[in-house]
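Participant: Sequence:
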Amino acid sequence: MMGENSIYKIFSVLIAIALAIYVNSERNPYQTRQLTVPLVLENQEPGTLIESAPSTVQVDVSGPRNSLSRVSERDLKAAVNLKGRRAGVHNLRVIVVPVVSGALPADISFEPRTPVVTVRVAAIATRSRTLEPVFLRPAPAGFSYAPPTVQPSVAILSGSREAVSRVARLEVLVDAEPTPGRPIEGQFEVRAVDSSGNVVEEVKTSPATAFVRAELQRLAAEKEVLISPNVTGVPPAGYRLASVDIQPRSVLLTGNPDTLAKINLVTTREVDISEVTSSLVRTVPILVPEGVAIQGSNRARIEVIVKPLTAAPPARD
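Residue 1 is where the sequence shown starts when you use my numbering, and the numbers rise one by one after that.
No lab work stands behind these hints: they were computed from the structure. Careful: at least some of the hints might be erroneous.
[Said to hold, decoys possible] Okay, the calculated beta carbon distance ranges per label pair:
1. ALA123 <-> ASN91: 16 to 24 angstroms
2. ALA176 <-> VAL281: 19 to 27 angstroms
3. ALA176 <-> GLY233: 15 to 23 angstroms
4. GLU177 <-> PRO147: 18 to 26 angstroms
5. ALA237 <-> PHE143: 54 to 62 angstroms
6. PRO147 <-> ASN43: 16 to 24 angstroms
7. PRO147 <-> ARG127: 23 to 31 angstroms
8. SER55 <-> GLU111: 18 to 26 angstroms
Glycine residues also receive a C-beta, built at the ideal position from the N, C-alpha and C atoms.
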């Protein structure tokens, strides 16, 4: 009789345990959630860059509902090990661990949904290029940008060989309000662009910024003025200056509008006639103030004609 009672008691305990497990599973069921966890690339080899790799991985997290609700993406770290991985395509195992050891509930399990990911590694290529300033704001009316100063004048770009080969120029983006009489100065962003002007995002530049100093200058104006031949001296005794001719008679000047406004006539280098007794032809430079340019030839042809004095007829009685 005692043996049968013991069996009934054991059976009752087992039923009670099973019933408790069932009730608990109904109240706190076992579930699986999918979390999106950032993928960390560890131990990248010097002189290499990542051409392509997943930025995140999906991780299946399982456990009782109450415990599962306490787990988020921030609690897990997914990583691949790039140690020894040079240029090429690599299939790497994803390791998922808690961010803080022991921080997750003990009844939680997790594993990456995709245990292996593909990472494309490339060797870094470098090239130096001259920095070209690009002014994003137009100069005020009547002004233009004078040739700027850029420091450093050269930058190094780096990236994959294919990306570096697509870079046509390195631009310094000068984004500042131009004001006459006040130079533009500052550090401005450097960007790499291709032959169509599109930014090549895959490369880096060193430095990432450059110092630019630029001033505004007045746009060149034009003005036509007469040329005055600079004839000096007088003919020898018994001779007179009969005529002076110059070709061309006028010249077109370009330069600062304020400077040109003060010029109504230009002259030439001296032509001395103190020893001339007939005709003289000289081609001499045309002289203009500093900062003024001549359109066309800067020389003029001067022809001087000297004749003997005619004796006066004798007086009649």
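Participant: Confirm or reject each hint.
Facilitator: Checked hints:
no.	hint	in the structure
1	ALA123 <-> ASN91: 16 to 24 angstroms	holds, 19 angstroms
2	ALA176 <-> VAL281: 19 to 27 angstroms	violated, 56 angstroms
3	ALA176 <-> GLY233: 15 to 23 angstroms	violated, 57 angstroms
4	GLU177 <-> PRO147: 18 to 26 angstroms	holds, 20 angstroms
5	ALA237 <-> PHE143: 54 to 62 angstroms	holds, 58 angstroms
6	PRO147 <-> ASN43: 16 to 24 angstroms	violated, 48 angstroms
7	PRO147 <-> ARG127: 23 to 31 angstroms	holds, 25 angstroms
8	SER55 <-> GLU111: 18 to 26 angstroms	holds, 19 angstroms
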